[in-house]
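Asker: Sequence:
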Amino acid sequence: MGGRETPATAKIRAELPLCGCPHHPGFCGFPAPRSGAGASYSAAQEVRIRRIGRRPRSDEGLDLMTTSLAAALSALELGHLEPRAEDVSGMCPPSTEALEQTTTAIWSDLFATLQNTSLERDIEEMGWGLVNLFHRAAAKKHATIDRLTDEIRLLLAEQDGSEISTANLEDKIDLAKKIEEAATCYEHMRDTAAAHYIRETGRSWIPSTGNRISLGVTSAIVDGRAFLQARRERVRDANTAQGTPVVFAGGRLTFRTDEDMKAFGDNLLRTLGAVRERVGDMYLVHGGDMKGIERIAASWAEQNGIQQVRFGLDRKLGDRAGFRRNEQMLSLKPRYVIAFQGNGVTERLVIDAKKAGIRVVDRRGPLGTPPADQNAQRDREVA
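Counting in the numbering used here, the sequence shown runs from 17 upward without gaps.
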């Protein structure tokens, strides 16, 4: 088979980048074995030799790629998939003011163009997607930091006091800090866009999955252990609501007239405001239904700077998912349970809350009023 090029070899050479190997130009499927006693090809190399139909000369020792896969990946230059210190070294993140102004300009230019056109009906969907764009960018950065923290832990475990190992650790920490700064920038842009979204639509922006947290930037981190500890604390604090829990529950309602809808909205906001006056450090716990009155409560909480904890339904539990969510919300020992009209799950939440000694702010009467008002009205009509 000597030096004759087979069709299989020609196909491989056409598909893979040039490697510059004088033994088999256009393809570097394996290294030539070193000359000397015992020089031989491995079993995998022998299979490859039979496949390409020729055996490379081994009279020259070259520093070649060890596998065809490694050669292909190297030629594709996939290094951009992993963060590199040289990509971010010497660069500072944009200022907070610049991020706010840029995000505001993007929002204003985009939606000013859509208003009073046939695309106006898509403003809410487009707005949600714009906020989600920054949210996903921040989430990707945090995922990268999570991988880097694993590498930092490994470097800490392998520390031997040498200059090389110490330098590697410091470089990895610096890279993680830079990426965390980038994540914070995207979070700030997301929060700015979310503020425009709620002003434009009157609805709170909540991601379809996962949490919406902002870690922020802390002071400089001295070493690897300090970095890991600081990140654990920031993630823990960002995922932990501070204060007194107040549970809100209600379903999806329809109204006969606009006056009824306005009266219900006024009663709902009045109830939330009254509870906040009693519980100044409250955070709102709800089911996250973005098509019912919980959506109004979530928007009220965001506009008033109140933290929210959302308990979504675990669809794997089937019909029991709503009742399981009730148990989770009541396990927080809330000060109040605010209940508006809903389904049987809401009724069960009220019953369980009363059994647990939790005070219920019952607004399941007509148009968000207490049921006692309805009973009193009936008594007056009978009299």
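Since the hints were made in silico from the structure, they are not lab data. Note that the coordinates shown come from a computational prediction; the quantities given were computed from them, not determined experimentally. C-beta: ideal position from N, C-alpha, C; glycine also. Heads up, some of the hints might be wrong.
Unchecked claim - Okay, derived cross-link-like pairs now, DSBU-like style, lysine-lysine, Cα gap no bigger than 30 Å in a straight line:
| id | residue 1 | residue 2 |
| --- | --- | --- |
| 1 | Lys-278 | Lys-332 |
| 2 | Lys-349 | Lys-370 |
| 3 | Lys-371 | Lys-278 |
| 4 | Lys-156 | Lys-349 |
Said to hold, decoys possible - Using C-beta positions, here's what the derived DEER-type ranges look like:
| id | residue 1 | residue 2 | range |
| --- | --- | --- | --- |
| 5 | Lys-307 | Pro-386 | 39 to 47 Å |
| 6 | Thr-129 | Gln-319 | 22 to 30 Å |
| 7 | Ser-224 | Arg-375 | 31 to 39 Å |
| 8 | Glu-113 | Gln-175 | 35 to 43 Å |
| 9 | Asp-162 | Lys-278 | 13 to 21 Å |
| 10 | Arg-137 | Pro-387 | 32 to 40 Å |
| 11 | Ala-159 | Pro-110 | 18 to 26 Å |
| 12 | Ile-180 | Leu-348 | 43 to 51 Å |
Asker: With reference to the structure, classify each hint as holding or not holding.
Answerer: Evaluated hints:
1. Pair hint Lys-278 plus Lys-332 does not hold up; C-alpha atoms about 37 Å apart against a cutoff of 30 Å.
2. A distance of roughly 12 Å separates the Cα atoms of Lys-349 and Lys-370; the hinted pair therefore holds under the 30 Å criterion.
3. Under the criterion of a C-alpha separation no larger than 30 Å, the hint pairing Lys-371 with Lys-278 is inconsistent with the structure, at around 33 Å.
4. Under the criterion of a C-alpha separation no larger than 30 Å, the hint pairing Lys-156 with Lys-349 is inconsistent with the structure, at around 34 Å.
5. Separated by about 25 Å at the C-beta atoms, Lys-307 and Pro-386 break the suggested range of 39 to 47 Å.
6. A hinted range of 22 to 30 Å holds for the C-beta pair Thr-129 and Gln-319, which are about 26 Å apart.
7. Range check, Ser-224 to Arg-375: Cβ separation about 33 Å, and the 31 to 39 Å hint holds.
8. Restraint check, Glu-113 to Gln-175: a C-beta distance of roughly 41 Å satisfies the suggested window 35 to 43 Å.
9. The hinted range of 13 to 21 Å is not satisfied by Asp-162 and Lys-278, whose Cβ atoms lie roughly 47 Å apart.
10. Separation of Arg-137 from Pro-387 is about 38 Å and conforms to the stated range, judged on CB atoms against 32 to 40 Å.
11. Judged by the Cβ atoms, the range 18 to 26 Å given for Ala-159 and Pro-110 holds: they are separated by roughly 22 Å.
12. Roughly 50 Å separates the CB atoms of Ile-180 and Leu-348, a value that falls within the hinted 43 to 51 Å.
Taken one by one, the earlier hints fail for this structure at numbers 1, 3, 4, 5, 9, listed in ascending order.
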